[in-house]
Amino acid sequence: MAGLDPAIRNSARSLDARIKSGHDKGGEWSRRPVEGIGRWLLAADVPEVQAVTEGSTAATVVEIRDLSLVFQTGDGPVAALADIDLAIGRGEFVSFIGPSGCGKTTLLRVIADLEQPTGGTIVVNGVSPNEARLARAYGYVFQAPALYPWRNVARNVTLPLEIIGFDPGLRAARAAKYLAMVGLEGFERKFPWQLSGGMQQRVSIARALGFEPDLLLMDEPFGALDEITRDRLNEQLLRLHEATGKTVVFVTHSIAEAVFLSSRIVVMSPRPGRIVETIDSDLARGRTLDARESPRFLDIAHKVRAALRAGHSYDD
Amino acid sequence: MTTKSLVAGRALPLATVLLFVGVLWYLGAIFLNAPRVREQLDRGPQAWTTADLIAGTWSMERPVLPTPDQVLAEFWKTTAGTKIASKRNLLYHAWITASATGLGFILGGLLGIGLAVGIVHVRTLDRSLMPWIIASQTIPILAIGPMIIIVLGNIGVTGVIPKAIISGYLSFFPVTIGMVKGLRSPDPLQLDLMRTYNASASQVFRKLRWPSSMPFLFASLKVSVAISLIGAIVGELPSGATAGLGARLLSGSYYGQTIQIWSALLMAALLGMAMVYGVGGIERIALRRMGTRP
Ligand SMILES: Nc1ncnc2c1ncn2[C@@H]1O[C@H](COP(=O)(O)OP(=O)(O)OP(=O)(O)O)[C@@H](O)[C@H]1O
Ligand SMILES: [Mg+2]
Chain A
0 MAGLDPAIRN
10 SARSLDARIK
20 SGHDKGGEWS
30 RRPVEGIGRW
40 LLAADVPEVQ
50 AVTEGSTAAT
60 VVEIRDLSLV
70 FQTGDGPVAA
80 LADIDLAIGR
90 GEFVSFIGPS
100 GCGKTTLLRV
110 IADLEQPTGG
120 TIVVNGVSPN
130 EARLARAYGY
140 VFQAPALYPW
150 RNVARNVTLP
160 LEIIGFDPGL
170 RAARAAKYLA
180 MVGLEGFERK
190 FPWQLSGGMQ
200 QRVSIARALG
210 FEPDLLLMDE
220 PFGALDEITR
230 DRLNEQLLRL
240 HEATGKTVVF
250 VTHSIAEAVF
260 LSSRIVVMSP
270 RPGRIVETID
280 SDLARGRTLD
290 ARESPRFLDI
300 AHKVRAALRA
310 GHSYDD
Chain B
0 MTTKSLVAGR
10 ALPLATVLLF
20 VGVLWYLGAI
30 FLNAPRVREQ
40 LDRGPQAWTT
50 ADLIAGTWSM
60 ERPVLPTPDQ
70 VLAEFWKTTA
80 GTKIASKRNL
90 LYHAWITASA
100 TGLGFILGGL
110 LGIGLAVGIV
120 HVRTLDRSLM
130 PWIIASQTIP
140 ILAIGPMIII
150 VLGNIGVTGV
160 IPKAIISGYL
170 SFFPVTIGMV
180 KGLRSPDPLQ
190 LDLMRTYNAS
200 ASQVFRKLRW
210 PSSMPFLFAS
220 LKVSVAISLI
230 GAIVGELPSG
240 ATAGLGARLL
250 SGSYYGQTIQ
260 IWSALLMAAL
270 LGMAMVYGVG
280 GIERIALRRM
290 GTRP
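For the record, the sequence lines run as chains A and B. Numbering follows numbering that gives the first Met the number 0, in which position 149 of the first sequence is assigned residue number 148; successive positions increment by one, without gaps. Numbering follows numbering that gives the first Met the number 0, in which position 100 of the second sequence is assigned residue number 99; successive positions increment by one, without gaps.
No wet-lab data here; the hints were simulated from the structure. Heads up, the beta-carbon is just placed ideally off N, CA and C, and yes, glycines get one too. Certain hints may be false.
Restraint-style ranges between C-beta atoms, simulated for each label pair [stated by the list, open to error]:
1. B:Pro187 - A:His252: 18 to 26 Å
2. A:Glu187 - B:Ala273: 35 to 43 Å
3. A:Glu187 - B:Ser201: 33 to 41 Å
4. A:Pro98 - B:Arg183: 31 to 39 Å
5. B:Val16 - A:Gly75: 52 to 60 Å
6. A:Gly75 - B:Arg194: 26 to 34 Å
7. A:Pro98 - B:Ser199: 51 to 59 Å
Result set (DMTMM-like, lysine to aspartate or glutamate): computed pairs, CA atoms no more than 25 Å apart in a straight line [to be verified]:
8. B:Lys206 - A:Asp65
9. B:Lys86 - B:Asp125
10. A:Lys189 - B:Asp191
11. A:Lys189 - B:Glu282
Given the sequences, and given the hints that come with them, work out the whole structure.
Printed below as a string of structure tokens:
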């Protein structure tokens with residue numbers, strides 16, 4: 000946030016000030032049925048968030064050319080990524096899918112400047128990943144919750160807000176808003192060890208959403224959740240994406256999840272991690288979970304499955 | 000679970016150990032003190048029995064090994080039985096030593112934490128400082144203790160400060176070692192998270208490294224406080240001090256007052272225990288406030 004230009008920053012702040020003054024009276028959120036919360040909150044967000052995104056107009060958020068990454072390990076080099084070419088446009092929802100160890104996490108970490116490629120080029124928001132990270136361009140949901148055990152749930156969610164320098168009232172409002180979105184209102188004062196693994200993961204999602212980054216990098220965020228919660232969060236993430244126009248890069252092992260959520264699915268294969276195929280997924284906007292029974296859905300899912308199989312045989 | 004059974008659960012093993020040690024101690028007193036008692040009895044006019052010998056070994060004025068009841072009687076006499084401000088009161092001496100220990104503990108703790116912070120954050124310090132820190136602990140404190148006291152005495156610094164410095168010199172080491180480990184204990188993912196927020200080094204320190212290091216800090220502080228006490232007592236030995244548990248030990252050994260030595264040792268042990276438990280109490284409060292799993 001601090002890295003963005005002041006006008007954008009102010010508009011984001013005033014948005015929250017408004018949300019807070021307008022809606023945060025008497026714990027209104029907590030009384031609303033969970034299903035509706037995301038939609039209701041997001042409706043309030045739309046105009047302002049678009050003002051935020053106007054700040055940078057480039058259509059491509061992530062541009063990767065001929066990228067490779069070799070890890071130097073104790074027993075020789077490991078080629079984690081090879082020949083990666085990928086462009087992700089603003090507002091896209093792109094999923095990486097592929098067998099375990101095919102480099103999905105590594106690719107996401109390269110975008111986040113947590114891993115340095117050994118070949119090729121990568122541009123994020125028109126600048127290097129490093130500069131993008133310094134500008135706090137993205138929110139990252141790790142494969143594990145990575146909560147701080149000495150902070151309660153609310154304070155885990157406000158951690159990035161403290162670091163970025165939001166004022167306390169705004170932090171509390173954001174924490175309440177996004178904890179409600181992931182269905183954890185009432186758990187603010189619990190400590191991580193008092194939560195189940197899936198609940199911890201939801202806290203980490205709320206934490207990444209809390210500072211409302213334009214780019215979300217999510218590494219199997221719903222992997223640890225039960226089917227019902229997963230469905231609900233899938234739908235809410237989709238609503239969030241549709242309402243805010245955020246760019247989402249999403250790692251998953253679930254074909255159904257990938258097809259339901261994505262505008263594009265990147266199928267990867269291991270050793271070394273490459274992109275086998277990129278499949279457009281064009282289910283209707285505003286789709287609900289029922290869309291998963293539609294012929295179009297089954298058709299795309301079939302394509303993804305075929306590409307995954309091809310990736311596996313590639314390996315033999 | 001009732002309190003009663005809890006007490007019983009701990010009291011029985013404790014009593015067993017106490018009984019065992021007590022029996023050994025009294026037997027030891029007989030063997031160690033017997034030669035001199037026998038000499039005395041032989042010089043006397045009457046014949047003597049074994050019972051006389053044993054009674055003698057348990058009631059000498061300057062025994063090689065005093066019995067627990069002799070030590071406890073002396074301890075009681077010099078604490079509860081004497082005016083508190085008097086120089087003969089063991090509590091007065093304990094207070095002198097405790098204040099030097101406390102000051103040395105604080106000095107050592109701050110130095111230890113400061114060094115650890117430097118080592119964790121500055122790469123060159125990591126390489127350059129550690130060998131010196133380790134070397135500092137290989138020098139016997141008995142060798143440099145008197146030097147510190149003489150040097151500081153020459154520039155007019157006497158009293159509690161030189162003792163606290165010796166105490167701190169010993170006690171910073173475990174804190175440095177523990178805190179270097181503690182400040183490096185956050186796992187890579189927790190550090191990556193900070194990286195994604197572009198957090199400054201001081202934010203990473205305050206919001207991640209410092210809280211992560213708390214269990215390490217308290218573990219090393221417990222070691223450190225016990226060592227601080229040793230440092231303070233050692234600091235009292237060469238200073239010609241007339242007050243403090245170290246001074247009591249020294250004067251006891253000059254005049255062969257073994258009972259006085261043992262009761263000073265008992266006081267030192269109790270003081271050390273109180274301090275370690277004190278740190279443990281602060282630890283429990285701090286960790287509870289941090290929401291740590293009980
Ligand atoms: N820090 C590292 N050092 C060495 N090798 C690594 C490192 N991180 C990942 N690898 C290797 O790179 C490859 C890709 O790993 P990555 O974690 O990206 O897989 P993934 O697709 O996310 O798998 P999963 O679905 O199981 O999470 C693996 O072979 C892994 O062993
Ligand atoms: Mg992974």
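Consistency of the hints with the structure:
no.: 1; hint: B:Pro187 - A:His252: 18 to 26 Å; result: holds (22 Å)
no.: 2; hint: A:Glu187 - B:Ala273: 35 to 43 Å; result: holds (39 Å)
no.: 3; hint: A:Glu187 - B:Ser201: 33 to 41 Å; result: violated (27 Å)
no.: 4; hint: A:Pro98 - B:Arg183: 31 to 39 Å; result: holds (34 Å)
no.: 5; hint: B:Val16 - A:Gly75: 52 to 60 Å; result: holds (57 Å)
no.: 6; hint: A:Gly75 - B:Arg194: 26 to 34 Å; result: holds (27 Å)
no.: 7; hint: A:Pro98 - B:Ser199: 51 to 59 Å; result: violated (39 Å)
no.: 8; hint: B:Lys206 - A:Asp65; result: violated (38 Å)
no.: 9; hint: B:Lys86 - B:Asp125; result: violated (47 Å)
no.: 10; hint: A:Lys189 - B:Asp191; result: holds (24 Å)
no.: 11; hint: A:Lys189 - B:Glu282; result: holds (21 Å)
Violation of the numbered hints given earlier is confined to hints 3, 7, 8 and 9; the remaining hints are satisfied by the structure.
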